Amino acid sequence: MGLSVLGLALSGVVAGQGTAQAANHGWVYISFPKWLGNCPNATVTGIQAYTDHWNTNWDVGDDLVYGKVALGQRNTVIGNLFCKRPNGGFYQTVARYDVVPTRNRQTVWVGPAGWSRN
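Under the numbering used here, residues 662 to 779 are what the sequence shown spells out, in order.
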């Protein structure tokens, strides 16, 4: 009897894993805005970012990248930022955040103060 209960439990885990692997993927805007604590006293002008399903080498020009994610599931986002000041700049690492985008082309905002989505 104990083995059949264990077998049922394991089959439930395997079934759950199969469902998770069939996640619906989409593309979302990942923003690193100043209002979430990014680049204090500076401007975000470069981003190197990673999710569980995508990464980019340095993307320059603004505080936004377009990344691939699993919709409706937790996705890890990690970013390295280049922060520009009039007299130079500095790098800032944005710690790992687990975000849950819910739809394609959604905006997810990430920073030291946490994360949000529209």
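Think of the hints as simulated: they come from the structure by calculation, not from any bench. Bear in mind that the values here come from a model prediction, so they are computed numbers and not experimental data. Backbone N, C-alpha and C define an ideal beta-carbon position, used for all residues, glycine too. Be aware that a few hints might be false.
To be verified - Quick list of in silico lysine to any residue cross-link-like pairs, SDA-like style, CA-CA up to 25 Å:
1) Lys745 with Thr768
2) Lys729 with Tyr690
3) Lys745 with Gly698
4) Lys695 with Thr763
5) Lys729 with Arg746
6) Lys729 with Thr754
7) Lys745 with Gly707
8) Lys729 with Asn702
9) Lys695 with Gly775
10) Lys729 with Thr706
11) Lys745 with Asn685
12) Lys695 with Val761
13) Lys745 with Val761
14) Lys729 with Arg764
15) Lys695 with Gly707
16) Lys729 with Asn685
17) Lys729 with Gly750
18) Lys745 with Tyr727
19) Lys745 with Tyr758
20) Lys695 with Cys744
21) Lys729 with Tyr752
22) Lys729 with Trp696
23) Lys745 with Asn718
24) Lys745 with Arg764
25) Lys729 with Tyr758
26) Lys745 with Arg757
27) Lys695 with Phe751
Claimed, not checked - So the derived label-pair ranges between C-beta atoms look like this:
28) Thr754 with Trp696: 26 to 32 Å
29) Thr763 with Pro701: 26 to 32 Å
30) Gly749 with Tyr690: 27 to 33 Å
31) His686 with Pro747: 21 to 27 Å
32) Pro701 with Ser777: 14 to 20 Å
33) Gly698 with Asp720: 15 to 21 Å
Against the structure, the hints:
Of the pairs offered as hints, the one joining Lys745 and Thr768 holds, with about 23 Å between alpha carbons and a cut-off of 25 Å not exceeded. As the CA atoms of Lys729 and Tyr690 are separated by approximately 9 Å, the hinted pair is consistent with the 25 Å bound. Distance restraint check for Lys745 and Gly698: the Cα-Cα separation of roughly 15 Å lies within the 25 Å cut-off, and the hinted pair is therefore satisfied. Using a Cα cut-off of 25 Å, the hinted pair Lys695 and Thr763 holds, with the two alpha carbons roughly 23 Å apart.
Under the criterion of a C-alpha separation no larger than 25 Å, the hint pairing Lys729 with Arg746 is inconsistent with the structure, at around 30 Å. Between the alpha carbons of Lys729 and Thr754 the distance comes to roughly 20 Å, so the proposed pair stays at or under 25 Å and holds. Note on Lys745 and Gly707: the hinted pairing holds, with a Cα-Cα distance of about 9 Å set against a maximum of 25 Å. Distance restraint check for Lys729 and Asn702: the Cα-Cα separation of roughly 30 Å exceeds the 25 Å cut-off, and the hinted pair is therefore not satisfied.
Proximity of Lys695 to Gly775 is assessed by CA-CA distance (about 12 Å); at most 25 Å being required, the pair is judged to hold. About 21 Å separates the Cα atoms of Lys729 and Thr706, which keeps this hinted pair within 25 Å; it holds. A C-alpha spacing of about 36 Å is found between Lys745 and Asn685, which places the hinted pair above 25 Å, so the restraint is violated. With a C-alpha separation of about 21 Å, the suggested pairing of Lys695 with Val761 holds against the 25 Å cut-off.
Pair hint Lys745 plus Val761 does not hold up; C-alpha atoms about 29 Å apart against a cutoff of 25 Å. For the proposed pair Lys729 and Arg764, the alpha carbon gap of about 11 Å is at most 25 Å, so the pair holds. Restraint check: the Cα-Cα separation between Lys695 and Gly707 comes to about 13 Å, which is no more than 25 Å; the hinted pair holds. A distance of roughly 11 Å separates the Cα atoms of Lys729 and Asn685; the hinted pair therefore holds under the 25 Å criterion.
As the CA atoms of Lys729 and Gly750 are separated by approximately 29 Å, the hinted pair breaks the 25 Å bound. Our distance criterion of 25 Å between C-alpha atoms is met by Lys745 and Tyr727, whose separation comes to about 21 Å. Taken as a hint, the Lys745 and Tyr758 pair is honoured in the structure, with Cα atoms around 23 Å apart against an allowance of 25 Å. Annotation: proposed proximity of Lys695 to Cys744 holds, straight-line Cα distance about 10 Å (limit 25 Å).
A hinted pair counts as satisfied when its Cα atoms are at most 25 Å apart, and Lys729 with Tyr752 qualifies at roughly 24 Å. Between Lys729 and Trp696 the CA atoms are separated by roughly 24 Å; this keeps the pair inside 25 Å, and the hint holds. This hinted pair checks out: Lys745 and Asn718 have alpha carbons roughly 18 Å apart, not beyond 25 Å. Annotation: proposed proximity of Lys745 to Arg764 is violated, straight-line Cα distance about 32 Å (limit 25 Å).
A hinted pair counts as satisfied when its Cα atoms are at most 25 Å apart, and Lys729 with Tyr758 qualifies at roughly 15 Å. The hinted pair formed by Lys745 and Arg757 meets the criterion: a straight-line CA distance of about 22 Å does not exceed 25 Å. For the hint linking Lys695 to Phe751, the alpha-carbon distance of about 14 Å falls within 25 Å, and the restraint holds. In this structure the supplied range 26 to 32 Å is violated for Thr754 paired with Trp696, their Cβ-Cβ distance being about 18 Å.
In this structure the supplied range 26 to 32 Å holds for Thr763 paired with Pro701, their Cβ-Cβ distance being about 30 Å. Between Gly749 and Tyr690 the beta carbon distance is about 28 Å. The supplied range of 27 to 33 Å therefore holds. Restraint check, His686 to Pro747: a C-beta distance of roughly 40 Å breaks the suggested window 21 to 27 Å. For Pro701 paired with Ser777, a C-beta distance near 19 Å keeps the hint of 14 to 20 Å intact.
Distance hint check for Gly698 and Asp720: the Cβ-Cβ separation is about 20 Å, which falls inside the suggested range of 15 to 21 Å.
Violated hints, listed in ascending order, are 5, 8, 11, 13, 17, 24, 28 and 31; each of the other numbered hints is respected by the structure.
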